[in-house]
Each structure stands twice: as C-alpha cells, then as structure tokens.
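Student: Sequence order for the protein chains is A and B.
What the first sequence shows, in numbering that gives the first Met the number 0, is residues 0 to 554, in sequence order.
What the second sequence shows, in numbering that gives the first Met the number 0, is residues 0 to 273, in sequence order.
Keep in mind the hints are simulated off the structure, nothing from the lab.
Glycine included, C-beta positions come from ideal geometry on N, C-alpha and C.
A portion of the hints provided could be inaccurate.
Unchecked claim - If you want the footprint, here are the derived chain A segments under chain B, 3+ residues with CB under 8 Å:
id : stretch
1  : 164-177
2  : 193-203
3  : 234-248
4  : 409-418
As the list claims (entries may be wrong) - Here are some, though not all, of the chain A residues that point toward chain B, as calculated from beta-carbon distances under 10 Å:
id : residue
5  : 132
6  : 137
7  : 180
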Amino acid sequence: MPIDPGVDPYPAHMRESIKKVEATRQARLTQEFPALDADAKSKLLKAFHPDHKPGQLTDIKVGISKGEKTFAEIESILQAYSRLDPDTFDLSRVDFDVDVLVIGGGGAGSSAALLAKEAGSEVLLTTKLRLGDANTMMAQGGIQAADKENDPPTRHFLDAMGGGHYTNIPELVRALVMDAPEVIGWLQDLGAMFDKEDDGSYITIHGGGTSRKRMHAARDYSGAEIMRTLRDEVQNKGIEVLEFTSAIEILKDKEGKCAGAVLYNMETEEHFVCRAKTTVIATGGAGRLHVQGFPTTNHYGATADGLVMAYRAGAPFIFMDAIQYHPTGAAFPEQILGLLVTEKVRGMGAQVLNADGEQFVYPLETRDVESSAIIRECTERKRGITTHTGMTGVWLDSPLIEAKHGPGTIKKYLPAMARQYERCNIDMTKDPILIYPTQHYQNGGIKISDDAESGVPNLFIAGEASGGVHGRNRLMGNSLLDILVFGRRAGKSAAARAKDTKVGELSLAHVKKFHEELKAAGVPRDRISPMLLPDYRTPETKERQKGQIPLGAEI
Amino acid sequence: MATKKPRDKKKAGSRAAQKASPASGAEAKGEAGPSMVDIYIMGKRYEVPEGLTIQKALEYAGMRLLRGCGCRGGFCGACGTVYRTEGDYKLKVALACQTVVEDGMYLTQIPFYPANKAVYALDELQPALESLVQAYPEVMRCVQCNTCRKVCPQDIEVMQYIAAAMRGDIAKLADLSFDCIMCGLCASRCPGELVQYYIALLGRRLYAKYMMPQASHVADRLGELRDGKFDKEIDEMMKMPLEDLKKLYDTRDIEPEDEIEQDAVAAGSKEIND
Chain A
0 MPIDPGVDPY
10 PAHMRESIKK
20 VEATRQARLT
30 QEFPALDADA
40 KSKLLKAFHP
50 DHKPGQLTDI
60 KVGISKGEKT
70 FAEIESILQA
80 YSRLDPDTFD
90 LSRVDFDVDV
100 LVIGGGGAGS
110 SAALLAKEAG
120 SEVLLTTKLR
130 LGDANTMMAQ
140 GGIQAADKEN
150 DPPTRHFLDA
160 MGGGHYTNIP
170 ELVRALVMDA
180 PEVIGWLQDL
190 GAMFDKEDDG
200 SYITIHGGGT
210 SRKRMHAARD
220 YSGAEIMRTL
230 RDEVQNKGIE
240 VLEFTSAIEI
250 LKDKEGKCAG
260 AVLYNMETEE
270 HFVCRAKTTV
280 IATGGAGRLH
290 VQGFPTTNHY
300 GATADGLVMA
310 YRAGAPFIFM
320 DAIQYHPTGA
330 AFPEQILGLL
340 VTEKVRGMGA
350 QVLNADGEQF
360 VYPLETRDVE
370 SSAIIRECTE
380 RKRGITTHTG
390 MTGVWLDSPL
400 IEAKHGPGTI
410 KKYLPAMARQ
420 YERCNIDMTK
430 DPILIYPTQH
440 YQNGGIKISD
450 DAESGVPNLF
460 IAGEASGGVH
470 GRNRLMGNSL
480 LDILVFGRRA
490 GKSAAARAKD
500 TKVGELSLAH
510 VKKFHEELKA
520 AGVPRDRISP
530 MLLPDYRTPE
540 TKERQKGQIP
550 LGAEI
Chain B
0 MATKKPRDKK
10 KAGSRAAQKA
20 SPASGAEAKG
30 EAGPSMVDIY
40 IMGKRYEVPE
50 GLTIQKALEY
60 AGMRLLRGCG
70 CRGGFCGACG
80 TVYRTEGDYK
90 LKVALACQTV
100 VEDGMYLTQI
110 PFYPANKAVY
120 ALDELQPALE
130 SLVQAYPEVM
140 RCVQCNTCRK
150 VCPQDIEVMQ
160 YIAAAMRGDI
170 AKLADLSFDC
180 IMCGLCASRC
190 PGELVQYYIA
200 LLGRRLYAKY
210 MMPQASHVAD
220 RLGELRDGKF
230 DKEIDEMMKM
240 PLEDLKKLYD
250 TRDIEPEDEI
260 EQDAVAAGSK
270 EIND
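Input sequences plus hints: build the corresponding full structure.
Tutor: Given below as structure tokens:
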C-alpha cells in the first residue's frame, strides 16, 4: 500500500501541532520523563481513571455475588433472563456426550482442548464464530515470561502484584509466573515463530510496569502467531470443533455439578444438548459491551457470554468493577477509532506528547496510570489535540523509534501497525499518531482456584473470562500468558476430573431459581442474555423491523 | 413508500430500480449531515455515509453480521471482500474492516473458502521440501501468474514465498509469509489450486521448530524450576506482610536499555541530524 505523499492525511491544525512535536524531538531523544511515585499514582487514578467516575457502578441484587458492584452495561446482562425456558426445554435428547466440553475457540480454549486431548479425554470444542476468532488473534505486543538469567520468576511475581496494586490472588500469580517458562518452551516446541537472536535466545523488551525485559514477541503479530499455531494443532490432533455454535446455558446435574451446556447453532437457530463430565469456559471478555460508551480494541464476539452462564450456574465473580482501558487506542482517523496501537510502540521508545510536543507522563507506567494521565492531559489540562470529528487525543511519537533504533525498525518489528496506518495514508515512521484510551480488557471475571476451577464443581474457567490473577489491573503481556497457563491448567484439570466423574440427570433447575430471583428483584422480563453478538444496526433499521407478527402467534 | 426524513432514503429496497447519485436527490439539499455514497452489496444498492468502513457500511445498511466479521481490526481474515468500482472491469480486494467505502463500489464478501488443510504430526517432519510436497503436492503446480500477490489484502509477496517453497527455502517462505492473516483470497483466485496460506503455515512451523536455534536460557530456566530453585523465595513473598511487599516493589531496580540499543540510539540521532 504505497503512501500518497501528495495528500496530507492530517488536517492543517494537526499538522501545526506535529511541527511542535518535530521541533522538540531532538532534545527528547535523551530526555526521560520521571515515573510517578506510589502516592502520585494513587491520586491520579482516583481523579481520572474511568473506573472511579462517580455514578457508573450498579449493585448486583441477584445471584451468588449479590452485594457486589459492576458497571451498568455488565449488570444488564448479568441480571437477565435465559434464552431458554427452563420449564419446557427438553433435556432428554442428548446430542453430544463427551468427557470435556470446551466453550470458546481462542487461545485459552484451544490450549485447554489440546491438553485435555493429550490427557486422553474425548473433547468437544464449541465456538460461536470460527475457531481462532478471538482477542488472542489481535494481541500484538507480546507475552511475558521470566526465562532469562537476570529475571527470576519471583521478579515477575513482584511486577504483577505491584501492577495489580496488590489485589491479585497470590496463588494465581504464583501459577502464572512459575508456569511461564514452560509455556514459552511449549510454543517453541510447537513451532511458533517468535523473534530470536541468532543464537536462539528470545529477543525480549520492556512493557509498561515491567522491571526486566521479559516481553517475548512475534513481530507485532504475537497473538496471531500463537493462535494460528494452536488452531493448526487443534486440527492436526483431530479435536472435534463446532463453529458458529454458541453455548447459551450451563447444564448441571441433580447433585449440583456442572454437566455440560446447551448449544445453539447460530445459523440454523437449533438447540443441542451436550452432556459433559467436565466443562471449560474460555469465552473471553466484555469489550463489545462498550462500558461507559468507550470504543474498544476487542473482537466482535467479546460479549461476556461465559461470565453470564457461569454466574447463573452459581459461580462467584471478582473485580467486575475494574475495566482496563488501553492507553493507546487510535484516535485518528475515524475508520480506525478505538483500534489498538500496541504497547510495544512505547516499549520500543515512542513517547507520549501533548499538543505542544511536550512529554507529560513516563511512557511505560502501568496501563491504568498511563490512561489516567492521558485523560487528565486532554480534560483538566486541555492540552490534547481535537480532530475535526470532535475526538480528542495526544501524540504518540512513533518516529522516535526509528531515531533511536535506526531506519526500518518499525517495518521490521511493527509491521501490523505500519500497515494499519498506511491504509489511512499515514506514515508512522515519519509522522506521530494520535491516541486516546480505549476499552481493552476485563480485569476481573469468574473467580478461579489455581487449577482453574470455578465455584461450581466441574466447571473450569480460563483466560479473560476468569478473574483474580491480574487483580484490578493487568500488565501488558500477562494476558497471552494467562490464556496459555490457565488454558493448559484448565485442560489438564478437566481431563483428570472427568476420569472419576459420573454425570447424573441433567437439569436447568439453577436457571429456574435464578429466574425467580430476577422476578423478585423486579428485573424487567425483556432482558435476555447471553448477548452472543453485538448489534450495530442503526436505531432506524430497528424501528423499521417492528410490526411483524411473531411466528406462531395467535392473531 | 413515503419517506420524509432525508436519511430514510438510504434504503434502496423499495426503489432499487431508481437511479440515484449522492449529489442529487433530497439529501444533497436537506439538512447538513455526512455526504452519502452508493454501494452495491451483492448487486443491491444502498446509500451509506462516506467515511465508513465496508464493514460498518454493511451494518448501516441494516445487516447483522455473522459470517464475514471477526476481529474488526485487520488480524483475523474473516472479512475478505472482492469489489470493483462502477465503470471499471478491474477486480480489487480489501478487508471489510480496514477499507473505507467508495461511491459506486460493487462488493461481495468471501468469508469462507473450502481449502484443504493437511493433517500432520510436526514432530515427525523434516524442515525440507519433501515435507511441504508430501502435505501439499499441489505446491508444484504454481504457474507463477502472480494473481495471489495482486489479490492479497496484506500486500504479501505470495508468489515469491511459493517460489521459495518450491526451492525448499523454508526460511524465506517463513519470513515472507509472516504477516499472513489467512483470509483465503489467494487460494480463491489461484489457477493452480494451491492453498498458499496453509503451505506458509506449515513452512513457518517447520522453520521455527527446526531451523531457528533452540533458546538455551529457556532450557536452563526449566531445569531450575524442576529443581525447585525459586520455590522457597516465592513462598516467602506470598506470605510477606503487604507493607514489605510494597517496599520491595517500590525500590526494585529497572533493567536499563542495553548497550547495543544505546549504539543504535547514537546512530539514530545522527540520522535525525541529517
């Protein structure tokens, strides 16, 4: 995609600001903005992080985590009725009968399926889009693992705990950091093509909040490289996969153990009963709920279906009042609004600048702090740059990467980023790019033990759908690690448990009970979940769809 | 159908036969809003605001996407789109989530291609031409027409990497194909019926597993973990009073950028002086 140099992608007022950025670049090459101390960080977060904005949280009145708080957008799907009528749905015809059911076809689900299969289980993987359609595919920056001499896993533990403001569940962090080198070894053995030096050692760099360079990357297609490798392996191992088939309700047996799920063919709208000795939910996060109206970096399917199903089945959640905003979402041009600009761009030396080309924050603060500083610069200090569509952002001085590491560095190590901007006629090797925080990650989720089991026996959760390992704030590179560490653990645990599990009579009694609680709490009957996919059609379209007589209705 | 608001005219459904251009009609004279363009979704005309991506334009037109929509960020290959513009015979390709609509765009998505993926055990293969040929014998049927290159929305040198594959140059195959998002458009147009992206995937896995040297620091660390080298220390950290852990965190040293990169910085500043 050649850049057209005759057309300036930036309007004149933005170009004026870029001139200020260029004027300060030489001096900034050796200028390091100081990191904030603990006290200043805490004040900044309280004043400017979207989680702390007053009036955004709602009480949960129904279910096992009653009394907890979450955002209205999440509350509206957690406190909602099933897509099934638990009184009339027929559970007597079992369509699939397996050892391990894996719900979700991203990195966590694929890892779980592979490990369960390896342990001898009969596995069914079901996913509402295609195998590999997941946030894993979009993760660019890299994966953390303490596998170098100067970096013991204890140091990784410390960074993760501090990054999560010490709210993380220590047993989960221990599992995360201690399994990390094994995960890198596994990826190496599977032939995932990560960046290496000539001697075979991994090239590792910093991420926000790391004290050692432990970010392993595959150019800036790190997640894609993991996902296409795992997908290939799932297919090679002959694991049965149902695509465009979503799980919509967890099944339990009369003893209260998880016993599979009701599946829904997204194309034919048919339901299927899957009886499973153990079940793994690996359905990812909630970006497509657009908490507080933020744009998102997330995949089309990130609608927190697993959270809804597990909660209805009686699994408590944790930290569902902590959303991660990625500090550098694209703020210009309009067609890439909200898309991720990987943290690797800052990891490689790009600074964050205001309209006058000045630094105002250390570029590698943790994500919550970095986001809050950008929001402060644009709101209270009014030193952001406003685009012609009214979006405000600050500069990320990408040309500094080439100034620091030599020409060609961006094309070599950030090809996806360079391509994304080239498609908008922006050459990020020469011009800075405009960024603003975007909804990126669900820090919390269904609470798990270190063998990935939820509060419901025989129901395991892995990846973004789970909560606790990152506390209230995740560090870059710990998510790709999380999905593989806990995906593998969930697969192993689920396979082991399946060996001595006998499933009793299938039941949706838990759904019926949940419905009664909803009614008692006065939750409106038209709230139905899981959402499955967002609906981006216009209000006008929806208005025009009204008036049809439902099939089978009495006239 | 009576339409009052200018935006009501975006739907072509009831007036598909009518000829309309964005410059004519009520919306051009009406209240200020985004300029509209005509696009033809599988032949049927819809009016959509300019500046939208193809994907958002489909949704604006009233479609709810299931097939043909994935990450919405250019990484998953679900939304491969073939189009041409009015009056031009030339077929073009795009990712619907990454490409802005043009007036007079005739488009269809190709969300799936029935490609053959070979099943193999990577552990039993050699990083050699014969592994590629055994899995995908059709690799040798390439006629070097370069259609794959022209149809690649990632601008990958597809024919070049297939040529590398045919020479058994797996390192080159892996490097050139790295940015592939496996959308399948190359295979859909290939007269030799190759499935380029699966050949490339096998090539990359062979290269990474067998041709890149193994990381000795990973093997060393795995050995240390097996010996329980860090168990005691991490157990102590888990039991540590919060204040002590905070102190440890706040006073931890940060690894500096290394020497080599400092040299590159120096070289880079010279560059900027130029």
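Student: Indicate, hint by hint, whether the structure satisfies it.
Tutor: Verification of the hints:
A stretch counts as covered by a chain when three or more of its residues have a beta carbon under 8 Å from one of that chain; for the stretch 164-177 of chain A and chain B the count is 6, and the coverage holds. Only residues whose C-beta sits within less than 8 Å of a C-beta in chain B count toward coverage, and the stretch 193-203 of chain A has 7 of them, enough to reach three; the restraint holds. Only residues whose C-beta sits within less than 8 Å of a C-beta in chain B count toward coverage, and the stretch 234-248 of chain A has 4 of them, enough to reach three; the restraint holds. Proximity of the stretch 409-418 of chain A to chain B, defined as three or more residues with a beta carbon under 8 Å from a beta carbon of that chain, is established by the 3 residues found.
Interface hint status for residue 132(A): upheld, as the beta-carbon distance to the closest one in chain B is roughly 5 Å, under 10 Å. Checking residue 137(A) against chain B: minimum C-beta separation of about 5 Å stays under 10 Å; hint holds. Among the interface hints, the one on residue 180(A) holds; its C-beta lies about 4 Å from the nearest C-beta in chain B, closer than the 10 Å criterion.
Violated hints: none; the structure is consistent with every hint.
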